[in-house]
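Produce the entire structure from the sequences given, and follow the hints as far as they go.
Take UniProt numbering: the last position of the sequence shown gets the number 270, and nothing is skipped along the way.
These are calculated hints, taken from the structure and not from any lab test. Since no wrong hints were added, every one of them can be taken at face value.
Below, a list of computed lysine-lysine pairs in the DSS-like style, where the Cα atoms sit at most 30 Å apart:
hint, residue 1, residue 2
1, LYS103, LYS116
2, LYS183, LYS79
3, LYS20, LYS52
4, LYS135, LYS116
5, LYS135, LYS31
6, LYS7, LYS87
7, LYS105, LYS20
8, LYS87, LYS128
9, LYS79, LYS52
10, LYS183, LYS135
11, LYS20, LYS7
12, LYS105, LYS116
13, LYS217, LYS105
14, LYS7, LYS128
15, LYS79, LYS31
16, LYS183, LYS87
17, LYS79, LYS7
18, LYS7, LYS52
19, LYS269, LYS217
20, LYS128, LYS183
21, LYS128, LYS116
22, LYS103, LYS52
Label-pair ranges, simulated between beta-carbon atoms:
hint, residue 1, residue 2, range
23, LEU264, VAL244, 25 to 35 Å
24, SER176, GLU263, 35 to 45 Å
25, PRO43, TYR134, 22 to 32 Å
26, LEU264, TYR232, 23 to 33 Å
27, LYS269, GLU56, 47 to 57 Å
28, THR70, THR235, 22 to 32 Å
29, PRO43, LYS269, 45 to 55 Å
30, LYS269, GLU61, 48 to 58 Å
31, GLY222, SER158, 17 to 27 Å
32, GLU266, ASN75, 49 to 59 Å
33, GLU263, TRP142, 36 to 46 Å
Just so we're clear, the structure is a prediction, and the values are computed from it rather than from any experiment. We put the beta carbon where it would ideally sit given N, CA and C, even for glycine.
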Amino acid sequence: MAYGLLKGKRGIISGALDEKSIAWKVALKAKEEGATFTLTNAPIAMRMGAIKQLAEQCEAEIIPADATSTEDLENLFTKSQDVLGGKVDFVLHSIGMSPNIRKGKPYTDLNYDWYKQSVDISAMSFHKMMQTAYKLDAINEWGSIVALTYMAAQRTFSFYGDMADAKAALESIARSFGYHYGKFRNVRVNTVSQSPTPTTAGGGIGGFDRFYEFAEKMAPLGNATADQCADYVMTLFSDYTRMVTMQNLFHDGGFSMTGVSEELMEMLKM
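In structure tokens form, the structure reads like this:
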């Protein structure tokens, strides 16, 4: 059911790879709620995914951009304003990748060149995106910027590797830039820490299936789905959350606040 939360709003949604992607769900929800937007992803990711199909469904133009390139980001924000007919009201950063995790390097034996890539792609790209928008004054007053994160920035998960460090940097960037963007244009910046979600990217993490089941048993409400995350992001893009900024917002069915669940205690009796 649509509520018209984003009627008349314009935006940019990054990171939609396929139907499993949270960014894909966000795009469909944003369209349903009345927004117009452009879609963007790195050229290599676009070749791997099905973003053209999403663009057709959402009547959105695709503007390829490597989020680690300020030149590409300048083109993204400039062209988006031309396509959409004005400054944007919301931006989704759904970008993350670790070569160390993809290639099976443990946290105690990282390849540091790959580590730099993890931080550049997964965290520094968020700063680059906002700095570019800030300099171009590309976001309307009271606009909203949301990045997707994970609570491995606060707690240790052995399998999450250097992505945990990147997410910690991402959340710090949200707080720091959130202050400056708030003073500049009343633009708010938040991160959403989502439940383990069976996306294509998540599937690349070793032992994900077992951890998904663990989180499901731990969280009193169970794991939040990608569709539910998209619903939550709609509220953050809307005018109903104008005074929420610089926050890391847990959307995980209560997992982050639960010490141990009854279900897991019962399993330990076996």
